[in-house]
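Colleague: Sequence:
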Amino acid sequence: MIGNKTVVYTSGTFDMLHINHLKMIEYARALGDILIVGVNTDELVASYKSTPIIPFEERIALMKAIKGPDIVIPQRSLDHTDKVDKLHFDIFVVGDDWVGKYDYLKEQGVQVVYFPYGEGISSSNLKKRIYNNYKKLQDKVNNHLPIDAKTKGDK
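Taking the numbering used here, the leading residue of the sequence shown gets 38, the next gets one more, and so forth.
The hints are simulated quantities; they were obtained by calculation from the structure and are not laboratory data.
Hints may contain errors.
In silico DSBU-like cross-links for lysine-lysine, where the CA-CA straight-line distance does not exceed 35 Å [what the hints assert, rightly or not]:
| # | residue 1 | residue 2 |
| --- | --- | --- |
| 1 | Lys42 | Lys138 |
| 2 | Lys42 | Lys123 |
| 3 | Lys86 | Lys104 |
| 4 | Lys104 | Lys42 |
| 5 | Lys101 | Lys42 |
| 6 | Lys143 | Lys101 |
| 7 | Lys86 | Lys101 |
| 8 | Lys60 | Lys101 |
| 9 | Lys123 | Lys138 |
| 10 | Lys138 | Lys101 |
| 11 | Lys86 | Lys60 |
| 12 | Lys104 | Lys138 |
| 13 | Lys104 | Lys143 |
| 14 | Lys138 | Lys60 |
| 15 | Lys143 | Lys123 |
| 16 | Lys177 | Lys123 |
| 17 | Lys123 | Lys86 |
| 18 | Lys42 | Lys60 |
| 19 | Lys143 | Lys86 |
| 20 | Lys177 | Lys101 |
| 21 | Lys60 | Lys123 |
| 22 | Lys42 | Lys143 |
| 23 | Lys86 | Lys177 |
| 24 | Lys123 | Lys104 |
| 25 | Lys101 | Lys123 |
| 26 | Lys138 | Lys86 |
Just so it is clear, the structure is predicted and the values come from calculations on it, not from any experiment.
Please model the entire structure based on the sequences and the hints provided.
Modeller: Following this line, the structure appears as structure tokens:
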């Protein structure tokens with residue numbers, strides 16, 4: 038808490054920004070007076086999953102451009118113990134794909150909310166859909182070419 042204002046912290050990679058990201062930020066915004074959003078750096082993300090499609094500089098710029106966050110900061114660690122003291126947040130909101138991971142914050146007096154992320158839409162699923170659609174188009178093009186066109190360049 039800062040003064041008499043409730044501070045909410047949420048964080049994420051926010052790669053390929055989509056509606057579930059916006060819903061979580063909107064939900065976090067409604068829980069307090071000040072919303073701080075941490076954007077995972079590329080180095081942090083690479084430590085636990087594949088490197089984001091959208092570079093960190095662009096992801097943090099997108100977070101700063103949307104309505105909702107009061108403050109947007111880089112997040113370099115998944116351990117938020119030190120952030121509680123530095124940022125004075127009262128509530129931490131994270132997607133329910135992280136259930137249990139941040140319960141240790143409760144010992145510091147932080148209310149932890151695991152936001153129900155929703156079915157089907159995630160950056161990982163979007164990447165798969167884009168890749169699968171690309172692959173279908175590629176197969177269609179490759180199967181559309183006449184046989185002699187495929188072999189002319191081989192001579």
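Colleague: Give a verdict on every hint.
Modeller: These are the hints, each one checked on the structure:
1. Lys42 to Lys138: holds, 26 Å
2. Lys42 to Lys123: holds, 15 Å
3. Lys86 to Lys104: Roughly 28 Å separates the two Cα atoms, so the pair holds.
4. Lys104 to Lys42: With Cα atoms ~19 Å apart, Lys104 and Lys42 stay inside 35 Å; holds.
5. Lys101 to Lys42: holds, 21 Å
6. Lys143 to Lys101: Between Lys143 and Lys101 the Cα gap is close to 28 Å, so the pair holds against 35 Å.
7. Lys86 to Lys101: holds, 24 Å
8. Lys60 to Lys101: holds, 16 Å
9. Lys123 to Lys138: With a Cα-Cα distance of about 20 Å, the restraint between Lys123 and Lys138 holds, given a limit of 35 Å.
10. Lys138 to Lys101: holds, 26 Å
11. Lys86 to Lys60: Holds - the C-alpha atoms of Lys60 and Lys86 are around 23 Å apart, at most 35 Å.
12. Lys104 to Lys138: Holds, at about 28 Å.
13. Lys104 to Lys143: Given that 35 Å is the threshold and the Cα spacing comes to 28 Å, the pair holds.
14. Lys138 to Lys60: Since the Cα atoms of Lys138 and Lys60 sit roughly 21 Å apart, the hinted pair holds (cutoff 35 Å).
15. Lys143 to Lys123: holds, 16 Å
16. Lys177 to Lys123: violated, 54 Å
17. Lys123 to Lys86: holds, 27 Å
18. Lys42 to Lys60: holds, 22 Å
19. Lys143 to Lys86: holds, 26 Å
20. Lys177 to Lys101: Given that 35 Å is the threshold and the Cα spacing comes to 40 Å, the pair is violated.
21. Lys60 to Lys123: holds, 26 Å
22. Lys42 to Lys143: holds, 19 Å
23. Lys86 to Lys177: The hint holds at about 31 Å.
24. Lys123 to Lys104: Cα-Cα ~24 Å, so holds.
25. Lys101 to Lys123: holds, 20 Å
26. Lys138 to Lys86: Judged against 35 Å, a Cα distance of about 16 Å means the pair holds.
Of the numbered hints given earlier, the model fails hints 16, 20; all others are met.
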